[in-house]
Amino acid sequence: MTDAIAPESHAGDGRLVENLTLFARTLRAAGLPVGPGKVLEALRAVQTVGIERRDDLYWTLHAVFVTRRDQIALFDQAFHLFWRNPKILDRVMQMLLPEFQVAADEEEKRERVKRRLQEAMQQAPGEQQETEKEELELDATLTWSQQDVLRTKDFEQMSNAEMEQAKRAIRDLELPLDLLRTRRYRAARTPGRADMRRTMRAALRSGSGDIPIQWKQQTKRPPPLVLICDISGSMAQYSRMVLHFMHAVTSDRDRVQSFVFGTRLTNITHYLRHKDVDKALEKVGEEVTDWEGGTRIGACLESFNRVWSRRVLGQGATVLLITDGLDRDNAEGLARAVERLHKSCRQLIWLNPLLRYGGYQPKSMGAKAIMPYVDAFRAVHNLESLEDLAQALAKPAGVQQEGLNRWQEMVEA
Amino acid sequence: MAALPTSVDATQQLLSDGRYVADRSLSTVLYLSLSLGRPLFLEGEAGTGKTEIAKVLAETLGRSLVRLQCYEGLDVASAVYEWNYARQMVEIRMSEAAGDRDREQLSADIFSEQFLIERPILKALREDVNGPPVLLIDELDRTDEPFEAFLLEVLSDFQVTIPELGTVKAPKPPIVVITSNRTREIHDALKRRCYYHWVDYPTYERELEILRVKAPNAADELSQQVVRFVQKLREIDLFKVPGVAETLDWADALTQLDKVALEPQAIDDTLGVLLKYQDDIAKIEGSEARQILDQIKQEMHTEAARRSL
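Line by line, the protein sequences are chains G and S.
Taken in order, the first sequence gives residues 1 to 413; the numbers are from the UniProt record's numbering.
Taken in order, the second sequence gives residues 1 to 309; the numbers are from the UniProt record's numbering.
Some hints could be false.
Unchecked claim - Below, computed lysine-lysine pairings styled on DSS-like, alpha-carbon distance capped at 25 angstroms: (1) K283/S with K232/S; (2) K343/G with K283/S; (3) K283/G with K167/G; (4) K214/S with K232/S; (5) K276/S with K343/G; (6) K240/S with K343/G; (7) K232/S with K297/S; (8) K276/S with K259/S; (9) K232/S with K276/S; (10) K214/S with K276/S; (11) K283/S with K368/G; (12) K172/S with K123/S; (13) K232/S with K259/S; (14) K297/S with K283/S; (15) K191/S with K38/G.
Said to hold, decoys possible - Have a look at the derived ranges for each label pair, beta carbon to beta carbon: (16) V90/S with L179/G: 36 to 42 angstroms; (17) L309/S with P33/G: 48 to 54 angstroms; (18) G50/G with R67/S: 31 to 37 angstroms; (19) V307/G with K169/S: 38 to 44 angstroms.
Derived by calculation from the structure, the hints in this document are not laboratory data.
Think of the CB as a built atom: it goes at the ideal place given N, C-alpha and C, for glycine as much as any other residue.
Take the sequences, apply the hints, and build the full model.
This is how it looks when you write it as structure tokens:
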């Protein structure tokens, strides 16, 4: 990297400013968060270090433009393309941009049309199918209110309209998690720890002989929550609803990290932060490539342990593992991975949609591997179970053990 | 107090004077941060020598090192300042006993500098005989978001506000080095105020040089083998691959055991120095270690043969 930089950039500051601006624009187009202020900053930095050496220029711009590790590769490519000959890149971008634009526009249009079509079909003739299905549930609707039927209905059997309703209900679902004590304090009325700072001020205010002690108490905050959801074929119907659930939880509170896995693990937290649930799920759909395929729970959890666990489980996190425990890999390495996962989080809760079947027994190899290491084992197949889950999460860890023994005995049997 | 370096080369020299083997990328970003007075944000795996940079900088520049070790729940009272309540109480009682009842005056007296306990950040903003100190904010990723937000003011204006006293502004900004092990992402707003650098594991040549500088007692063959072994380990899927600190510890341990070259038994006995997870140790111990060792020996052999040609 010690060869000289392109001759254009030697021709005085004028060219340098121009080139830096162009370079910043290139980076922005490539997806780096480069604000306008960065160009000035870069210019100042480059003037400080000088442009005698190409590698110095590289690291100088690197220091200014890169703020995260995952941006390094992008920066590296852009730099080498650009400073070899800025004109080439310019031309390449010009050639590419309009095409991208068209493609994206068209894509969006198609998407919009598709959705409108879907909506239209749902309302008009397509209703026939739905009414047929609803007839099956008719006896139920006679005895319970609409709301209650929905609450206990399996996600798998829901019609589209019901699904919509369920989604709305999920959105409004609150999730009171058991709170963790932090090391921060706030003012309190009841005696606990003396707040000397406020006491001192009160003493000065009162002016009488005695010093009224002011109190403070530790604040509490919910622990971080990590959701790991199976999106393989066997989970297809549930994972859609669970994704809605994940979106609701992610927008409801801070410190939530969401992952999905089929054959590989993907962190989707960033996409779920999008306010609009449809947009968010659309983004997730684009990002995740292993929808409704096979499952490799062991390998995926192991990669979670290796890549993410130290980054997201650090501060006493609760982990919700959402899977049916059916593993294509014959549960290879699963027990080891779950054990480590269990050791590195505060509590591990397994949500299993298969629990809805009365006679379900955790006898599959996957279930056998996971069972010994979970703190709680719950169903997640309808709204009611999701609500139950919300309440369970509000209990302190440890209390949840109840009921788990029965399942564990089944595994051992 | 030594003068700040005036070029990238001088910065590199400065680091090597402090027995820190740096590559040019680090020297460049460090030079930038020193000459433009912006904090340096160092991110990277544990044991790659991030904290060491601040120490070396303080030492070679003759500045004092102010270290703020971060932890969850770190608050202003333990990071910036606290009042000395016991002394304040005594002061109030004494003024009462003396019958001096001027409350305004008392209040002004009590919240004055003499009752102030400085914590690292305030200390770093104060005038120092050695020149602006080096402020090391270590493992920032361990704190919580509220503290990060608080740091924004400190890092952009180099000042803190004490309600009773007013604003304390640094006469000259301190040299700030922030490290993070990336156990969580630091907010972009904070990173924007810093120069960012990812401290990676060193290359073979650089790690060998580090070993020669920092562990000069290790035999030459042993050093080479140790570095090769560690570099091979970093390619394997482990929960925690060894950092430079572990390489140094391992070389030391082997030297203590009077080893001049790696041998299977010695590796198994000392693997705990290198790897910090039982799973990792179980994975490498025995046959895997032996295999790596054979590979290394093979490599060294072919290299020696090529050199003799």
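Each hint tested on the structure:
no.	hint	result
1	K283/S with K232/S	holds (14 angstroms)
2	K343/G with K283/S	holds (19 angstroms)
3	K283/G with K167/G	holds (18 angstroms)
4	K214/S with K232/S	holds (21 angstroms)
5	K276/S with K343/G	holds (15 angstroms)
6	K240/S with K343/G	holds (16 angstroms)
7	K232/S with K297/S	holds (12 angstroms)
8	K276/S with K259/S	holds (22 angstroms)
9	K232/S with K276/S	holds (17 angstroms)
10	K214/S with K276/S	holds (22 angstroms)
11	K283/S with K368/G	holds (24 angstroms)
12	K172/S with K123/S	holds (13 angstroms)
13	K232/S with K259/S	holds (20 angstroms)
14	K297/S with K283/S	holds (21 angstroms)
15	K191/S with K38/G	holds (13 angstroms)
16	V90/S with L179/G: 36 to 42 angstroms	holds (39 angstroms)
17	L309/S with P33/G: 48 to 54 angstroms	holds (52 angstroms)
18	G50/G with R67/S: 31 to 37 angstroms	holds (33 angstroms)
19	V307/G with K169/S: 38 to 44 angstroms	holds (42 angstroms)
Going through the hint list in order, the structure satisfies each hint without exception.
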